[in-house]
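**Student:** The listed protein sequences correspond, in order, to chains A and B. Just so we're aligned: the first sequence equals residues 1 to 283 in my numbering. Just so we're aligned: the second sequence equals residues 1 to 272 in my numbering.
I should point out that these hints are in silico values taken from the structure, not numbers from a laboratory. Where hints are given, some of them may not hold.
To give a feel for the contact side, a few chain B residues facing chain A, derived at Cβ under 10 angstroms [said to hold, decoys possible]:
#, residue
1, G71
2, T81
3, G84
4, T88
5, P90
6, L91
7, V94
8, V96
9, F98
10, L104
11, L115
12, V118
13, I119
14, L173
Quick reminder that beta carbons are idealized off the backbone N, C-alpha and C, glycines included.
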Amino acid sequence: MKTRTAPSGGTRADLASLGALDQGGAAPRRRAEGPGLKSAVLAVLIFVVLVAAWQGAASAELVSPLILAPPGEVIEVLVRLAVIDGTLWPNLLATVQETLLGFALAVAAAVVLGSVFAFSPILRNAVYPYILASQTFPKVAIAPLIVAAMGYGLAPKVTLAALLAFFPVLTNTIAGLTEVSEDEVNLFRALRASRWQELRYLRIPNALAFIFPALNSAAVLALIGAIVGEFVAAREGVGYAIAQYTVTGEVAATYAMLIALSIFGLAVYGVLSLAERLVRRAQ
Amino acid sequence: MAITTGDRAAAQAPPRPAAIGIRDVSKVFTRRGATVRALEHASLDIAPGEFVSLIGPSGCGKSTLLKLIAGLLEPSAGTVTVDGAPVTGPLPQVGVAFQKPTLLRWRTVLDNVCLPLVIDGDRRPESREHARRLLEMMGLAGFEKHYPREMSGGMEQRVAIARSLVNRPSLLLMDEPFGALDEFTREDLNDELLGVWQREPKTVVFVTHSISEAVFLSDRIVVMSARPGRIHASLPVPLPRPRGRELRDDPAFYEAIRDVRAVLDEAKGAGR
Chain A
1 MKTRTAPSGG TRADLASLGA LDQGGAAPRR RAEGPGLKSA VLAVLIFVVL
51 VAAWQGAASA ELVSPLILAP PGEVIEVLVR LAVIDGTLWP NLLATVQETL
101 LGFALAVAAA VVLGSVFAFS PILRNAVYPY ILASQTFPKV AIAPLIVAAM
151 GYGLAPKVTL AALLAFFPVL TNTIAGLTEV SEDEVNLFRA LRASRWQELR
201 YLRIPNALAF IFPALNSAAV LALIGAIVGE FVAAREGVGY AIAQYTVTGE
251 VAATYAMLIA LSIFGLAVYG VLSLAERLVR RAQ
Chain B
1 MAITTGDRAA AQAPPRPAAI GIRDVSKVFT RRGATVRALE HASLDIAPGE
51 FVSLIGPSGC GKSTLLKLIA GLLEPSAGTV TVDGAPVTGP LPQVGVAFQK
101 PTLLRWRTVL DNVCLPLVID GDRRPESREH ARRLLEMMGL AGFEKHYPRE
151 MSGGMEQRVA IARSLVNRPS LLLMDEPFGA LDEFTREDLN DELLGVWQRE
201 PKTVVFVTHS ISEAVFLSDR IVVMSARPGR IHASLPVPLP RPRGRELRDD
251 PAFYEAIRDV RAVLDEAKGA GR
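Construct the complete structure from the given sequences, taking the supplied hints into account.
**Tutor:** Below you can see the structure in the form of structure tokens.
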């Protein structure tokens, strides 16, 4: 999963749609609400079908109950963990903390280093091969090593989360700052823009369009890093809990944890989308 | 007579059109060890207020010549002067437009037009008002808050033209600005460009592939030949001004096109 560097995904799509719209007349973007409503209905339908299939597979015992718990039981356990005994919260909180810290560290380091690389081709060419090489082995493989070096606490999980999240943000920061067209650079030169103005009005806004899509994959990767760290050695966390439940055969609890994680993931996605919109508006 | 856009008083009244002098200019590029003589011994004088088109086959150096005047390239030999002063870099009194509209996709139409003002540090409301008026002149009233992605190619190019005019340049340099547009849109934009130019006289150097466009717009057409890029001929366009749409149906218009085509064919032959 670490080859998911997704450079420039967002902007490329934007440019493609831009080209397609060139032929159109005024404001061809807008569409009736019809498709939105249809999509919503379809989404609910898919959900119902999936849950029904899940329930069906569980009650017909198509899959061993040691592997698949029925949805009703999962919800029941989720409610128990969240409301009745409350053991969900310390675990979820630990994982959220590790993920967010790792994510923040990775983003800060990647944006700073990416900017340095973007403006120093010499440094980029010298250091980049090493960073690339460090990305070609699965970092989860060194999770035990990191735990051995850093102990059982927060540090190894944050480190793993950061290591996994770092790369896509780095590549997209470099791409966003450097991939401006010759015409754009010439325009700014012809306008006698200073280097700072070129950065402020051209390269940074351009880079944001690259960085925000990368943040989404970085958040997912940070979560993976944190969970793997917990698998190896931890006293709390979702990964730790899932490992425990698997040993004790509490299948439904494992699924309940996964649902809690997806809700967290959706929340992160929502916050990132909101942040993107706010930053765009401030431009 | 240096007129700068930084000069607040000058920004109010249109500045006097610029004069261009090109003296024995050559430009050599070295790419991957190969030497390309993009332009050789070019000499050309452009009078203040003149509308001059550069036309010729691909590789004739017309875009290179334009970039030399814009100060985006440095000549390998010879000198380029604007209003008598040698060009050593981009000048403040120059507006530019490229083949691609090159709008910033995260800025609205009005904010794109205002970009040169922002770079100049010109925050006066009347400058922004001027930008609005230019958009109106280009037929884009009501589109100020739209984003480039919501517009067609022709509309984007109109925005780019308005942007090139916003700080009242005395010299407008246009590199095939309508090259990517369909014939009808191109003619509309030709009309609008002439309208703006007649209202606010300025020197224009216009690179194009289209003979009819060059004839319709220009006072003079400079025909260039390729490999190496050279100025082949300089042809005055003997059509009266002001020019409007009806000129396109005038036999004199077709005759002028025929004359330019003949010289252009000659220039193509010379390049072989």
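**Student:** Mind listing which of the numbered hints don't hold for this structure, in increasing order?
**Tutor:** 2, 3 and 4
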